[in-house]
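> Add 241 to the 1-based position in the sequence shown for this note's numbering, that's all there is to it.
Calculated from the structure, these hints are not laboratory results. Some hints here could point you the wrong way.
No farther apart than 20 Å at their CA atoms in a straight line, the calculated lysine to any residue pairs in the SDA-like style are these [what the hints assert, rightly or not]:
| id | residue 1 | residue 2 |
| --- | --- | --- |
| 1 | K407 | E314 |
| 2 | K407 | V384 |
| 3 | K385 | N421 |
| 4 | K407 | I267 |
| 5 | K407 | F420 |
| 6 | K342 | I330 |
| 7 | K385 | G366 |
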Amino acid sequence: MPEATNPMRKKWFRNYVIVMTAAIAILLALLFAKEPADTPKETVETEGIPANTVTADISAKTGLRETAGEALEMVSQGDTLSQDGVYFIRDSRERGNGGFKNFFTTVPECGEELNIRIINNGSSGIIIVNVTRGSHEYGFVDVKAGQSITRTFHMADGSGISGEWKVYLTTQDGHETDFNIAAEQH
242 MPEATNPMRK KWFRNYVIVM TAAIAILLAL LFAKEPADTP KETVETEGIP
292 ANTVTADISA KTGLRETAGE ALEMVSQGDT LSQDGVYFIR DSRERGNGGF
342 KNFFTTVPEC GEELNIRIIN NGSSGIIIVN VTRGSHEYGF VDVKAGQSIT
392 RTFHMADGSG ISGEWKVYLT TQDGHETDFN IAAEQH
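With these hints in hand, go ahead and build the complete structure from the sequences.
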């Protein structure tokens, strides 16, 4: 009797190994063949760097992730945003001493334009505003008492705006601030 069961066990084990090997091969093929939905697509190549792709490098200067592609800025007077976009900073009022800092990430699917609006509600003093994308600082812009500005950004290649952003507001003389700020992508 033991001789009869031994060939059956060998046959069963061989079939088990074949089925499991095939199942593992199929799972590995599915795992590595499908590209994740949130993987950025390469669009336009600028100087050998594909646009809209995020690299893993963290800038030592700003602490933000480096982002390929160039965002262009336009500064204008005005205080209206589109109201139909994605808000990263919902029109909020800030008062007090010290600076204001906010970080957010934009993705191309949410729109081609980023607007950052600052209203200086103070009766005196200048608020200075710096915007950074990845390791690129766009520099400080003055907002005088009672005035408002909108800093608008577009990608140079016309694609949707992308990247890791930092908005920083402060004063040069340390006076108490009173301002409204909003950041919207549409």
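> Within a Cα-Cα threshold of 20 Å, do K407 and E314 meet the stated pairing?
holds (14 Å)
> Verify the proposed pairing of K407 with I267, using a straight-line Cα cut of 20 Å.
violated (44 Å)
> Taking 20 Å as the top limit, are the C-alpha atoms of K385 and G366 close enough?
Roughly 7 Å separates the two Cα atoms, so the pair holds.
> Does F420 sit within 20 Å of K407, going by the straight-line distance between their CA atoms?
Holds, at about 17 Å.
> Does K342 pair with I330 here, judged by a C-alpha cut-off of 20 Å?
Since the Cα atoms of K342 and I330 sit roughly 11 Å apart, the hinted pair holds (cutoff 20 Å).
> Check the hint pairing K407 with V384 against an upper bound of 20 Å on the C-alpha distance.
OK: K407 and V384 at ~18 Å, within 20 Å.
> Check the hint pairing K385 with N421 against an upper bound of 20 Å on the C-alpha distance.
holds (13 Å)
Hint violations for this structure: number 4 only, all remaining hints satisfied.
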